[in-house]
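Listed in order, the protein sequences are those of chains S and U.
Numbering of the first sequence is given in this note's numbering, commencing with residue 1 and proceeding in unit increments.
Numbering of the second sequence is given in this note's numbering, commencing with residue 1 and proceeding in unit increments.
In case anyone wonders, no lab produced these hints; they're calculated from the structure.
This structure is a prediction, so every number in the text was calculated from the model and none was measured.
Idealized CB from N, CA, C, for every residue including glycine.
Hints may be right or wrong, so weigh each one.
Here are the simulated distance ranges between beta carbons [what the hints assert, rightly or not]:
#: 1; chain 1: U; residue 1: Asp56; chain 2: S; residue 2: Glu274; range: 42 to 52 Å
#: 2; chain 1: U; residue 1: Thr104; chain 2: S; residue 2: Thr314; range: 30 to 40 Å
#: 3; chain 1: U; residue 1: Lys40; chain 2: S; residue 2: Ser156; range: 32 to 42 Å
Here are the computed lysine to aspartate or glutamate pairs in the EDC-like style, where the Cα-Cα straight-line distance is at most 16 Å [to be verified]:
#: 4; chain 1: U; residue 1: Lys332; chain 2: S; residue 2: Asp99
#: 5; chain 1: U; residue 1: Lys143; chain 2: S; residue 2: Asp271
#: 6; chain 1: U; residue 1: Lys361; chain 2: U; residue 2: Glu428
#: 7; chain 1: S; residue 1: Lys351; chain 2: S; residue 2: Asp30
#: 8; chain 1: S; residue 1: Lys175; chain 2: U; residue 2: Glu428
#: 9; chain 1: U; residue 1: Lys431; chain 2: U; residue 2: Glu82
#: 10; chain 1: U; residue 1: Lys143; chain 2: S; residue 2: Asp115
#: 11; chain 1: S; residue 1: Lys29; chain 2: S; residue 2: Asp195
#: 12; chain 1: U; residue 1: Lys247; chain 2: S; residue 2: Glu188
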Amino acid sequence: MKKRNVHWAWSAGLLLVFGMAAASPIDIKDLIREAISIPSALGNEEALGTKILSYLPKGAAERDNLGSVYARFGSGGSKIALLAPLDEYGWFVSGITPDGYLRLDRSAQPQPNFDNYLLGHPVVISTQKGLLYGVVSQPAMHLITRERREELGNLSLDLVYVDIGARSGEDARQKGIEFLDPVTLWPELSALADDRWAGLSLGQKSSCALLLGLAEDLGKAKLSQEVALAWMAQSKYPTRSGGARSSLGAIRAKRTIQPKLAIIVDGVPADRGEKSPALGKGPVLILPKEGAAKLKDAVEAVAREAKISLQYQTGAESALLNGLVGDGTEALMLAIPVKFAQTPSEVVDLKDVLALKTLLLQLLQSGRVK
Amino acid sequence: MRKAVYIILLSALTLSLAISAPQGAPRAVSPASGWDLLRKIVLIPGLSSQEGKVSDFIQAALPSSLKVQRDAKSNVWFTVGEGKPHILFVAHLDELGFLVDKITPQGTVLLRVRGGLLPQTCEARPFVIHTAKGPVEGVIQPKPDYYQGQTAAAAPSRQPAVVTAQNPAPPASTTAPVPAQKPPQTAAQPFPKPAPVQAKAPAPAQAPAKPQGQAPAAEPVELYLGCSSEQEVRALGVAEGDQVLFKKRLVDLAPDIMATRAVDDRAGCAALLAAALCLDWTKIKTRTITFAWDVEEETGLNGAQLLAKTLKPDYVFAIDTFVSTDSPLENKRFGYAVLGQGAVLRSIDTSNVTPKTEIRKVAKIAEGRKIPIQIRNSRGGNDGSVFVADGAADIPLSWAGAYAHSFIEKIVKSDLEALTDLIAALVEEWK
Numbered sequence: 001m002k003k004r005n006v007h008w009a010w011s012a013g014l015l016l017v018f019g020m021a022a023a024s025p026i027d028i029k030d031l032i033r034e035a036i037s038i039p040s041a042l043g044n045e046e047a048l049g050t051k052i053l054s055y056l057p058k059g060a061a062e063r064d065n066l067g068s069v070y071a072r073f074g075s076g077g078s079k080i081a082l083l084a085p086l087d088e089y090g091w092f093v094s095g096i097t098p099d100g101y102l103r104l105d106r107s108a109q110p111q112p113n114f115d116n117y118l119l120g121h122p123v124v125i126s127t128q129k130g131l132l133y134g135v136v137s138q139p140a141m142h143l144i145t146r147e148r149r150e151e152l153g154n155l156s157l158d159l160v161y162v163d164i165g166a167r168s169g170e171d172a173r174q175k176g177i178e179f180l181d182p183v184t185l186w187p188e189l190s191a192l193a194d195d196r197w198a199g200l201s202l203g204q205k206s207s208c209a210l211l212l213g214l215a216e217d218l219g220k221a222k223l224s225q226e227v228a229l230a231w232m233a234q235s236k237y238p239t240r241s242g243g244a245r246s247s248l249g250a251i252r253a254k255r256t257i258q259p260k261l262a263i264i265v266d267g268v269p270a271d272r273g274e275k276s277p278a279l280g281k282g283p284v285l286i287l288p289k290e291g292a293a294k295l296k297d298a299v300e301a302v303a304r305e306a307k308i309s310l311q312y313q314t315g316a317e318s319a320l321l322n323g324l325v326g327d328g329t330e331a332l333m334l335a336i337p338v339k340f341a342q343t344p345s346e347v348v349d350l351k352d353v354l355a356l357k358t359l360l361l362q363l364l365q366s367g368r369v370k
Numbered sequence: 001m002r003k004a005v006y007i008i009l010l011s012a013l014t015l016s017l018a019i020s021a022p023q024g025a026p027r028a029v030s031p032a033s034g035w036d037l038l039r040k041i042v043l044i045p046g047l048s049s050q051e052g053k054v055s056d057f058i059q060a061a062l063p064s065s066l067k068v069q070r071d072a073k074s075n076v077w078f079t080v081g082e083g084k085p086h087i088l089f090v091a092h093l094d095e096l097g098f099l100v101d102k103i104t105p106q107g108t109v110l111l112r113v114r115g116g117l118l119p120q121t122c123e124a125r126p127f128v129i130h131t132a133k134g135p136v137e138g139v140i141q142p143k144p145d146y147y148q149g150q151t152a153a154a155a156p157s158r159q160p161a162v163v164t165a166q167n168p169a170p171p172a173s174t175t176a177p178v179p180a181q182k183p184p185q186t187a188a189q190p191f192p193k194p195a196p197v198q199a200k201a202p203a204p205a206q207a208p209a210k211p212q213g214q215a216p217a218a219e220p221v222e223l224y225l226g227c228s229s230e231q232e233v234r235a236l237g238v239a240e241g242d243q244v245l246f247k248k249r250l251v252d253l254a255p256d257i258m259a260t261r262a263v264d265d266r267a268g269c270a271a272l273l274a275a276a277l278c279l280d281w282t283k284i285k286t287r288t289i290t291f292a293w294d295v296e297e298e299t300g301l302n303g304a305q306l307l308a309k310t311l312k313p314d315y316v317f318a319i320d321t322f323v324s325t326d327s328p329l330e331n332k333r334f335g336y337a338v339l340g341q342g343a344v345l346r347s348i349d350t351s352n353v354t355p356k357t358e359i360r361k362v363a364k365i366a367e368g369r370k371i372p373i374q375i376r377n378s379r380g381g382n383d384g385s386v387f388v389a390d391g392a393a394d395i396p397l398s399w400a401g402a403y404a405h406s407f408i409e410k411i412v413k414s415d416l417e418a419l420t421d422l423i424a425a426l427v428e429e430w431k
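Chain S on its own, in the form it takes in the complex (with noise of 0.2 Å):
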């Protein structure tokens, strides 16, 4: 075969290729795969939310300078608003120390023994110049003493040092490294048993994918009102300050969108006992406080009619939802249930994603929230 046909055969079957992904549809699996990959630690959302835009139609996307991304489909009736975090826990460099290790201070932290997790494995950070890796020092098994064992037990950051190869202060500084630079845990993900999955923040990641899925369709649909998507940096500030307070991410979300019903999709804790949701079961409904009887009758018909089974969830103090809730906005979440929630092997199961997607698009194409 001369040259010239070579290159044409390659050119053909290299169209082939790249026509036919543009036109199959957006696995939701290889979202989730790329948002897990992607570190977005609370304040530092901005690599995940360029892959977000990347995805979205132009003119139809945008970023705030909190890092949200917003996309916008349709027009008219009720303005909804679909919204789930952006951001994951983690920590940030606090300090280099003089032989080159690294210092953690928490950017968020989602239960009391989170930071336990950093322990003798390694962790990403997102610096100037990429990702960068480390490993937390764990002291040899031969050495350790009773004493640091029973320490270790339950971790204080002041026994943290990220170990990043460097052998002082201005080699760590060489690779890149800047305080405040953020700090994750090894995006692990693996395949379980009956479309489960483990993976670091998966609630969180699969809830942007989902999302971001969601998009897809939503571009393809004939809507009869105003539907905005929403990625939320800085969701999980309230943690910061235990939790008391209405999630940053969720306030400056209802600011900028002025929606008339708000739907949450995050992940929450499941397989905690009797009163907790299970994992497989199907979305769970987690109305506020103050109710959200059109959206839930809504839901729940739609729920029925696409034989997709809800959980419910009711007494949750949600900082997402008191950060959309009043002042006009009527707001619930549907979650996707979470096993060993807030560990680096969040499971979950993909059925329920699936089930979650498949409930908010027929929602919004019912026009029973219009």
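Based on the hints, put chain U in the right spot on chain S.
Chain U alone, transformed into the frame defined by chain S:
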């Protein structure tokens, strides 16, 4: 185009020569390739007592002309030359992890530990069951109260015991006594182990003595697979006795610094293999050299004990981790071999005291070849100690390894290269 074809053919030829060179021909593998070997071999599953796949890798990498032998336990070795002295180099193939102990009716898997790991570092982490049907992924269940506050976390049940199968108390001392006299043949345990599954006794270096039985109980370790019944688990191919290992990944801290699980002792295996592949074995005529890769070091030096029944070396160089204190959480009083500063002569450890005369001999050879070495003492046992009672001098060789028996065992490439060079030098010069 023609030039490219030549390059490809030349590369293929070089590769085939490297794979099939007859005994005696210098191998086209530089010591630096020990690093590449390590990056492959460290990922092969090889729980203590289930090292077969690692043995396969070693066996396949060695030329058939070296007449590699393998026993029922999967110890692998070859011997070259004849006469005295007989010099044995040995590295261990096995790694720490768990065994499938029981499958519950609820579809989880109870695990039995093989070797010492810090239990809280296993919680909510991905592990892989290596079944006959292939790998099955799971997550070690966190404590039921993991999301609650300090009260629950600080409760005695959360105190981290060293996880062991028999839940032994930490040994009273890490300097476990080595018998001065030859032990009875039936005992065959020159390095008495405080716990049957902890030959290398991860132990408190300065902890006070504590009687057996008072250590906090090791809690059951339970793996979640996403199943809800025993039947579902069995359908995945999971069976009692399957090995369960941490889901490994190579963490490159720099192009020449890596952290991962099982560097102990796959780095030793890689160094030994790299040396075997670059040595000219035809020059070994008046001495006997044996290279061995043995099993079950972590769980009782069992592989070495089996080898000791047939191999009676005069010198044994055990190639294994030097448990270094080159880290921020450790006392530098001993064990301070700095990563990146060369191979380590592990002169005194928990199982062995190397005669100073032998240390000086090694140091002299290293100096003559300009191989950087550090002479230090630390903790942990080594396979070479098994051969001492029968007349061998045990001279453990190492690299400086940080975070031993963790999921982030750290190693520097130049240290592995120095170790490989040192092994090759000793093969050529030791008398």
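Status of each hint after checking the structure:
1. U:Asp56 to S:Glu274: 42 to 52 Å: holds, 49 Å
2. U:Thr104 to S:Thr314: 30 to 40 Å: About 32 Å separates the Cβ atoms of threonine 104 of chain U and threonine 314 of chain S, which means 30 to 40 Å holds.
3. U:Lys40 to S:Ser156: 32 to 42 Å: holds, 38 Å
4. U:Lys332 to S:Asp99: The hint holds at about 14 Å.
5. U:Lys143 to S:Asp271: holds, 13 Å
6. U:Lys361 to U:Glu428: holds, 13 Å
7. S:Lys351 to S:Asp30: holds, 15 Å
8. S:Lys175 to U:Glu428: Violated, because 41 Å separates the two Cα atoms, which is more than 16 Å.
9. U:Lys431 to U:Glu82: Status holds; Cα separation ~13 Å.
10. U:Lys143 to S:Asp115: With Cα atoms ~15 Å apart, lysine 143 of chain U and aspartate 115 of chain S stay inside 16 Å; holds.
11. S:Lys29 to S:Asp195: The given pair, whose Cα atoms are some 11 Å apart, holds under the 16 Å limit.
12. U:Lys247 to S:Glu188: holds, 9 Å
In summary, the structure is inconsistent with hint 8 from the numbered list given earlier, while agreeing with all the others.
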